[in-house]
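Going left to right, the sequence shown walks through residues 56 to 187 as the working numbering numbers them.
Hints listed in this document are in silico derivations from the structure and should not be mistaken for laboratory results.
Please read these numbers as outputs of a predicted model, since none were measured by experiment.
By construction, the Cβ of each residue, glycine as well, lies at the ideal position given by its N, Cα and C atoms.
Worth double-checking, as some hints may not be accurate.
[Said to hold, decoys possible] Derived lysine-lysine pairs resembling DSS-like cross-links, with alpha carbons at most 30 Å apart: (1) LYS157 - LYS173; (2) LYS72 - LYS128; (3) LYS176 - LYS72; (4) LYS131 - LYS100; (5) LYS124 - LYS176; (6) LYS131 - LYS72.
[Stated by the list, open to error] Estimated spans, in silico, between C-beta atoms of each pair: (7) LYS176 - VAL142: 27 to 37 Å; (8) GLN130 - LYS72: 28 to 38 Å; (9) SER172 - ILE126: 13 to 23 Å.
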Amino acid sequence: MSNKEDDQSYDLQQMEKWLENYFLDPLTTYLDQMQFRIDLYETDKNWIVEALLSQFEASEITVFADNEKLIIKAQKALHLPKNPAEVRERIIDFPFPIVNQKIAASFHSGILEITISKEEKCSGKNRFITLP
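Kindly generate the complete structure, drawing on both the sequences and the hints.
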């Protein structure tokens, strides 16, 4: 077995354990109810994070990649002194640095979809992910 296969096997085992811990953590369910719901998916080429943000517009959402963290923040643009701006935030800790991967985001029908490529590399710098 080559080193590349060993690395992929290790990554798969690490990701399986991380996903299991993430979905069994009671705090995940609590944050789904109190902030906004997040779902995680895996394809052959990507990790996909979906966030249900139906009460926000694309211009009110920011996505930031910070080493192993993906930070999703939504804040209402308009606020009045009697009604402070509603801010919702979720931080997803990955078991590997995501800043090294290509990350893209889109927002349609109240669903934010963030794709983190397993194959395509990027600059390796912390950065905001632009929503089209």
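Worksheet item: Is LYS131 within 30 Å of LYS100, Cα to Cα?
Response: violated, 33 Å
Fill in: Pair hint LYS72 and LYS128, alpha-carbon separation not exceeding 30 Å
holds, 26 Å
Worksheet item: Are the Cα atoms of LYS124 and LYS176 separated by 30 Å or less?
Response: It holds: about 16 Å lies between the C-alpha atoms, which stays within 30 Å.
Item to complete: Mind checking the alpha carbons of LYS176 and LYS72 for me, to see if they're no more than 30 Å apart?
Response: Judged against 30 Å, a Cα distance of about 24 Å means the pair holds.
Practice prompt. Mind checking the hinted window 27 to 37 Å against the Cβ distance between LYS176 and VAL142?
Written response: holds, 32 Å
Discussion item. The hint says 28 to 38 Å between GLN130 and LYS72; measuring C-beta to C-beta, is that right?
Written reply: holds, 33 Å
Worksheet item: Does the alpha-carbon distance linking LYS131 and LYS72 stay inside the 30 Å limit?
Response: Violated, at about 35 Å.
Worksheet item: Within a Cα-Cα threshold of 30 Å, do LYS157 and LYS173 meet the stated pairing?
Response: holds, 8 Å
Item to complete: Using the Cβ atoms, figure out if SER172 sits within 13 to 23 Å of ILE126.
Response: holds, 18 Å
The structure shown violates the earlier hints numbered 4, 6.
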